[in-house]
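Peer 1: Start from the sequences and build out the full structure, keeping to the hints where you can.
Line by line, the protein sequences give chains C and F. Per the working numbering, the very first residue in the first sequence carries number 1; after that it's consecutive. Per the working numbering, the very first residue in the second sequence carries number 1001; after that it's consecutive.
The set of hints was computed from the structure by calculation and includes no laboratory data. Please note that the accuracy of each hint is not assured.
[Unchecked claim] Simulated restraints, written as ranges between beta carbons of each label pair: (1) C:Ala163 - F:Asp1301: 57 to 67 Å; (2) C:Leu119 - F:Glu1074: 51 to 61 Å; (3) C:Leu171 - F:Gln1144: 29 to 39 Å; (4) F:Gly1067 - C:Ser86: 23 to 33 Å; (5) C:Leu301 - F:Lys1262: 51 to 61 Å; (6) F:Gly1139 - C:Ala89: 36 to 46 Å; (7) C:Ser212 - F:Gly1067: 55 to 65 Å; (8) C:Ala89 - F:Ala1311: 41 to 51 Å; (9) F:Pro1049 - C:Ala49: 45 to 55 Å; (10) C:Met136 - F:Ala1210: 24 to 34 Å; (11) C:Met136 - F:Gly1141: 42 to 52 Å; (12) F:Gly1139 - C:Leu171: 18 to 28 Å; (13) F:Pro1049 - C:Gly77: 45 to 55 Å.
Think of the CB as a built atom: it goes at the ideal place given N, C-alpha and C, for glycine as much as any other residue.
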Amino acid sequence: MKMSAAPLQPNPTGSAIGAAGSASGKAAVMKQSPSLAQRWRGSSNLIPALLFLGLFFLAPLIGLLLRGVLEPVPGLGNYEQLFANSAYARVLLNTFSVAGLVTLFSLLLGFPLAWAITLVPRGWGRWILNIVLLSMWTSLLARTYSWLVLLQASGVINKALMAMGIIDQPLEMVHNLTGVVIGMSYIMIPFIVLPLQATMQAIDPMILQAGSICGASPWTNFFRVFLPLCRPGLFSGGLMVFVMSLGYYVTPALLGGAQNMMLPEFIIQQVQSFLNWGLASAGAALLIVITLVLFYFYLKLQPESPVGASNSR
Amino acid sequence: MVLNKRATAVLFAGLLATASHVVMAAESVNFVSWGGSTQDAQKQAWADPFSKASGITVVQDGPTDYGKLKAMVESGNVQWDVVDVEADFALRAAAEGLLEPLDFNVIQRDKIDPRFVSDHGVGSFYFSFVLGYNEGKLGSGKPQDWTALFDTKTYPGKRALYKWPSPGVLELALLADGVAADKLYPLDLDRAFKKLDTIKKDIVWWGGGAQSQQLLASGEASIGQFWNGRIYALQQDGAPVGVSWKQNLVMADILVIPKGSKNKAAAMRFLANASSAKGQADFSNLTAYAPVNVDSVARLDSVLAPNLPTAYAKDQITLDFAYWAKNGPAIATRWNEWLVK
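Peer 2: Laid out in structure tokens, this is it:
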């Protein structure tokens, strides 16, 4: 859902400049805010969607969260247990550091890729984009196991490096943090590339030209003009990857070691092995709160987004 | 096991969708297990002959998911009639009131090894955690018992251990530390974790059978704790894998009927058939897991028999399922604390 929102970001002729320039410049372009009745006109079209979400998403979600304060006995016991235990704090820290590292690496790798797709002739760009999409559509399990084949001690990479005499002990690239970050960054790159590429595609090359005509060095042009213009794509891609990484299960379970347990694995353990749904629900609530807080900051930091714009009106 | 469950979930969902159309009319039992070769063997040894003899259709479903089982019982919409679960879970679920009591007028209780039968569950099969090692990695040194896991000088390389906080790892650490087999319970957790600390950086954890085989066969781990059936399968494939049965730790899968099952009577008959001398022996001959029926031993394939836990009963230590059913969640908290420390 969020993915389709990114390419849909409005790009009126003025907005490129508005985005690069100050927020006040942007406000001047916008029309006077319409009256309340006008703004809510047509909102009745939302009713089916709201009903659907309410019945099949919000109601079960609330039921789930209630378990956290009702089971096994009513009260905040589950949350107490979650915060009092240093192990769970560590699990939380693991979750954040993995999500952070994955976001960083997929941004570093996804940015040049998105740029390349934008720069190469149109037909080629579409091909590369299709390859990215194809990798996204391949079975997650198959892709994760392939990484295992590549990275393990007796795997392709270690064997090749040892045959070339570069290393004489196999590198430990799997069943630890390294493996998780490699596997997940790879899986997350499409989610960076798609919004970022859409943003880059929409940037008028004339702006960069204008920058260099005005005397900007290539570096200045990149950091002061191009990068700020990419901000909406970077933000929406980065946030999506971060939030998805927080809730990821399969890849960390396969490529990670037990000592790098993340929150989702902890929740699954409580649900499936110990039927301790109260504690699991507390863990899930924590994950939801973290996600909501992040989303709030995203809206604050990213006034160009359609949602953010109407909020900061 | 959790991962295997995921992998096969989609497959079985598809199978079920087609299967459930066919069987609407006749009496039927929904059988749920872990998928893979184990469930194939359960179908071949139990379900197919049972259907032929009784006219009751057995619908294969899966994989086993404890969370799902609890949700079904709580909502009153129970889709599963017979479920293959781990032994400690069977006792925990019974204590939580999630299971139907079994009808021992239908099921022959006195023929079942008493370790593997309770009021709410009858054994599906049993197996042992054994010490397995890669002969190519260890050379001529033949590890004898669990102490070898903690002797990184004589037996270098990574150690493969079962990653879930369930019966096995803590017990073998205590045994290696010199605790007598009959003094294992209640588990001295401090002592167990202290022992495990000495090899913590050398451990690779496995979460499912296929993963354990891959670790050992590839040499990624040179030694470790494995399910006996998986070691046997590797040896059958010609992998250079050795095994020591000394102090083999017995664990079991149990068949249970969720509370509120819609085909309770048929499910009882299915259990009677599965736990019969023939049903158990047929299943063992297909899988290299051990039978829970005491009369099955005579029916075992003579080539296979020396590779089953039944042949190493003297060296056996049965894990205390009841202890784990009661203390499992508390141990898991300690376990997680130790893991991420």
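Peer 1: Please list, smallest to largest, the hint numbers that this structure does not respect.
Peer 2: Violated: hint 1 alone.
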